[in-house]
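First to last, the sequence lines map onto chains A and B. Just add 1 to wherever you are in the first sequence, counting from 1, and you've got this note's numbering. Just add 100 to wherever you are in the second sequence, counting from 1, and you've got this note's numbering.
What the hints contain is simulated information worked out from the structure, not anything from laboratory work. One thing to keep in mind: the hints can contain errors.
Unchecked claim - Below, in silico cross-link-like pairs of lysine to any residue (SDA-like), each with a Cα-Cα straight-line distance of 25 Å or less:
1. B:K350 - B:L322
2. B:K417 - A:R627
3. B:K437 - A:K200
4. A:K200 - B:L356
5. B:K279 - A:G141
6. A:K354 - B:L356
7. B:K460 - B:L356
8. A:K354 - B:A149
9. B:K348 - B:Y432
10. B:K417 - A:T75
11. A:K200 - B:F151
12. B:K417 - A:G141
13. A:K557 - A:R627
14. B:K350 - B:T320
15. A:K546 - B:A327
Okay, here's what each chain looks like letter by letter:
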Amino acid sequence: MTIQAPQQIPSHAPSARPSAWEILKDYMMTTDHKKIGTLYILTSLIGFAIAGFLAVAIRIQLAVPDNTFLIGNTYNQVLTLHAALMIFFFLIPIGLFGFGNWFLPLQLGVRDVALPRINTFAVWLFIFSLILVITGLANGGAPGVGWTFYYPLSVDANQTGVAVLMVALILNGIASLLGSANFAATIVNMRAPGMSLWKMPIFVWSIFATSILQLISLGGLTAAALVTFLELKLGLSMFNPGIGGVPVMFQQFFWFYSHPAVYVMLLPYLGIGAEVASTMARKPLFGYRVMVYSLLGIVLVSLLVWVHHMFAVGLPESWQIAFMIATLIVAVPTGVKIFNLIGTLYGGRIIMKTPTYWLVGFIFNFLIGGITGVALGMIPFDYQVTMSYFVVAHFHNVMMFGTAFLAMAGLYYWWPKMTGRFMDEKLGMWHFWLFMVGSWMTFLPQYILGLLGMPRRYYTYPAGNFAWSELNFISTLGALTLLAGGAVWWWNIYITAKKPVTASNNPWGGFTLEWTSSSPPAAYNFAHEFPTTFPTERPLYDWEKNGDTLTPVDPKTIHLPQDSIWPFVTAVGMLLMGYGLSFGWFTNYTPAGGLNATSGHVFASLVLYLSIPVFLWGLFKWAGTREYAVPVAHHHLTKYDNGFMGMAWFIISEIGLFGVLIAGYVYLRVSGHADPPALRPNVWLAALNTLILVSSSFVLHRAEQDNHHGKLTRFRLGLFITLLLGMAFMLFQVYEFSLFGAESDWKQNLWQACFFIIVGLHGLHILIGGIGVALPYYQAMTGKMDKYNHGSITPASMYWHLVDVVWLLIVAIFYAW
Amino acid sequence: MGAALLSGCGSRQLLSIGDLSSGYNREVAFMSIFAVALSIIIFVGVSYALFFTVNKFREDKHSDAPAQFHGNNRLEVVLVVVPVIIVMFLAILTVRSMAILNPTPAEATKIDVLGRQFWWNFSYPETKADAGGNVTNGNEIIMPTKQQVALTITSGDVIHGFWAPNIGGQRAAMPATLKTWNVDTDRTGVYQGNCSQLCGGSHANMRYKVIALDQERYDTFLAAAKAYRAPEPAADSAEARGYAIFLKGKPATGALACAACHRVQGTPAAGAAGPDLSFFGTRRTLGAGKWEFMEEGHWETPRAREILHEWLKHSPKVKPGSLMPTYDGSEYLANGKTVKGGVLTDAELDDVAAYLRSLKLPEEADYWNDTPVYGSSDAADKTPSQTAAVPKTPASSSAPGGNQ
């Protein structure tokens, strides 16, 4: 391979071993996408380990009939945590954010993501959401409602720990959206010069597709969690059948995200699989464009299949059939991915190392999972086995010994790049075969159990049901085999960490840009410029053929974003806020009953009050710290800067969130479930507020232009007026809310509950938008803006306009209608 | 452990979606033949392609320089079009089966199903009891064979799922929503049903028995149930004392009346928060199928007596999350709040149990009589079954079933 950068001596090779505190501090402040990726991967692996032990506990309980190891709600708590951790703290983050952060910039040939400090904030918010779930254990226990937290079980009086899970999911969701928007902005704005979208590596495409999917659909989960949280805390409900709400609507909200989430847990791994296949077979991808189209096809169709989780609920047949067809169709692009992986291997000279084994294992297992998935789409069969162990086997088939195998492939494949060390091949094979055999033993019997009538989420079963005892026992043995495989794996990681750094830049002979950096990469990623011609998605192959070479760059001339503690402090503020919201005083607050405070609540309330100054302190300090220590001219491929681009993608998620809630409300209104009470908020006040908000948008727009033309005083004045108008709006709204809340009981009127939830959420957005506008005001007042630093005015004003537009919609459907 | 398990007792109940006595399952089986055949072809084809490729082109066997081709559009088109044709074919099959299975025939027998945490009520809306109210049975559903049975399914609290795989697919029991669902079987027998939607601590203990009877015996049952009035206990008997407690509780010790939550047809007891107890003595299950008393003697066996006693005394201790109050003064959870139960003496509890055991349908209407349990190998040699142990003494029994 002639395309080899000179071996770079890692610049961070320390003369003395840094202390644990120094390392931790480094990771708290870092804006380096690789360190952030490491944090995601590490946290995910910890999540995987905890959830794995919980799974073994579940299997031990089910090893024999009438076992008494974990019973009743205790079992349900273990089950809920197992699923929630596996999904939200392992399978989603490790692929999308772990590998995504590590390799998306490297494969694009850039030095960082579009918004590095947002990235720091997001990773810590993600870690804190895990910590929040764990603090729940000490505050009344884990939720026992399943990770699906179906209504009304989630608000059932005998349940514990649901509120904290809701808050944790919302924080996790915010982190996830910020990360996704960041990736999308990076891809659109920051590719290596000459790399067009159609020349991007397939892994980058898979992260792009996943990010878009995440941005569009996550609103469903946020809406479900938010409304559940509000009902638990304040009695605000959109689902309560007692006041005309529709419990099935919860499932619509929930699955609107949680089905696409299945593809969030698949697409990044398909990207990894394709990279592994192409490199290991030493061949181009089979049908690169078709693979990209099928990624995008999966994104589209996966948004239209969620009802297949609810066939047995008995929705109208026409709905079921429409969603059934989409469900079956989604198998087509997924099948294309599988066929093309085999096609990529075909005719190659396949390096048979651990990553290849994981890939082949994935293809074989996923084939079974895919076939059973199509079977589940056939509705009368689904009526039989939905909610049974057949479904349990199916989704573990596609996730545990499907995509998680590709997560392993990615780890073994990129481990030399990430650490400079090779994982032990022999232990890797033990790990693979123990996982393979363990998975089959665990889950193949569960397919049969489903056909033999065993429902899922049973903590016990009687002796004597035909073959249940035997199959469950085999399944438990399989889980223990998996545990052994996990132990081998951690042992492998442990001994690998002690080995010397021996990996070359390109140990597998890969063709994408990450293989030109050193192993592990230096902080600046590349000490060279790339040729600007990208004939295919395999630049290293093409350049070698054409005799193109890399141009060395003096690392001293490279400027990286400076480290900052403030994103971390801001995330701490969010953690404290989450803790306070989960356990604070307004648990069961009612206008009539007043507060229901206990000593624990008082402490949590204090934490909540404390969180607000911490959050604002972190945020304003962050805004007041420049991204780069020295003035740097930014390069971006579009005419829009990274702040604009990030916010533009993020706004999709806000539209998704309001879209889901408003669709729910409109359905309730049209179907006659939610009729407004006789006394309702005055349309004249809303009209005044509309006037205020629309004027503020014009003022802000004008201010932005003033800034553009260098009229700083007018700019500052404009921002100030915008803030005043926002405050006036909030005052009127608080007045209106307290009036309406006193007039009638929101626990008794569905329309009123919808009003408070949706208009209240908009009010929260005004607050967030107001803080957003206050940031550039603060930057302008403290002289932080200049030719190179535009501060956060662009994203802040975009967000403000969005909030404005949403308000117009709200006026139409809540005040005028 | 494994050996003991595999060589242990025979099957007592066979649950299977492959039970072709049900028209529902026959239809699914017809649909599945094509799906299974296609699945096998695809599975064998793709896995052959995979292993052939890996085996042929692995480094140690294939040292030629890999061909650098970028795909094959004609093949891609085939790989898209063929799966589309396959899934469209499967979609047509699905719609066909739905068109056959989903509509409810007008002449179908109607049974109402109510799921609650953690029990079921099955009532017969077309059969008004002479003593008032619809004929209702708790946790054991009696249905006629060889015809469509239209269930109207709902829930009184959280979402539950009605699923007895031998007689048809499942349907969610949603609060405040009525859903109709058809089941059927051609074979007389006892089948197992389960709750299929996570509903709380005893989700796994929310089972029921389906007893399918031929039309004649079904009519006999229904007629007897219609005419049924709970037998009047003889004065001064244990049953009479139990009846008094059942109706009024024991306010002096805070023991709540059973009648506040349970209905017994032909008595003033008309509570609706717990399962209907009208035919309690005829039933052979307790705690929504958590315990079965299939052996000879049924309620009269020492095991059954002890379990019933423990159940009445403190049901949440033997069935997690049970919402029935305790009667030994221990604490239990009601609406999320911990409250203290009232107290009944052991003798009083036995009186209540005696009263419950006396609530029997006439012999000819006993739907259990000679109804074979589907899949039971024990039924042939009449060995007493040991479904679950006495809650208090798990060590002494051969099959642990306690829940402390």
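The hints, checked one at a time:
Note on K350 (chain B) and L322 (chain B): the hinted pairing is violated, with a Cα-Cα distance of about 35 Å set against a maximum of 25 Å. Restraint check: the Cα-Cα separation between K417 (chain B) and R627 (chain A) comes to about 62 Å, which exceeds 25 Å; the hinted pair is violated. Among the hinted pairs, K437 (chain B) with K200 (chain A) is inconsistent with the structure: their alpha-carbon atoms are about 62 Å apart, more than 25 Å. Proposed proximity of K200 (chain A) and L356 (chain B) is contradicted: the alpha carbons are some 75 Å apart, above 25 Å.
Note on K279 (chain B) and G141 (chain A): the hinted pairing is violated, with a Cα-Cα distance of about 36 Å set against a maximum of 25 Å. For the proposed pair K354 (chain A) and L356 (chain B), the alpha carbon gap of about 70 Å is over 25 Å, so the pair is violated. Distance check on the hinted pair: K460 (chain B) and L356 (chain B) sit about 24 Å apart at the alpha-carbon level, within 25 Å; holds. Pair hint K354 (chain A) plus A149 (chain B) holds up; C-alpha atoms about 20 Å apart against a cutoff of 25 Å.
Between K348 (chain B) and Y432 (chain B), the direct Cα distance comes to roughly 21 Å. Compliance with the 25 Å bound is thereby established for this hinted pair. Proposed proximity of K417 (chain B) and T75 (chain A) is supported: the alpha carbons are some 14 Å apart, at most 25 Å. Taken as a hint, the K200 (chain A) and F151 (chain B) pair is broken in the structure, with Cα atoms around 30 Å apart against an allowance of 25 Å. Taken as a hint, the K417 (chain B) and G141 (chain A) pair is honoured in the structure, with Cα atoms around 20 Å apart against an allowance of 25 Å.
Note on K557 (chain A) and R627 (chain A): the hinted pairing holds, with a Cα-Cα distance of about 20 Å set against a maximum of 25 Å. Simply put, K350 (chain B) and T320 (chain B) have alpha-carbon atoms about 38 Å apart, too far for the 25 Å limit, and the pair is violated. With a CA separation close to 94 Å, the supplied pair K546 (chain A) and A327 (chain B) exceeds the 25 Å bound.
Of the numbered hints stated above, those contradicted by the structure are hints 1, 2, 3, 4, 5, 6, 11, 14 and 15, listed in ascending order.
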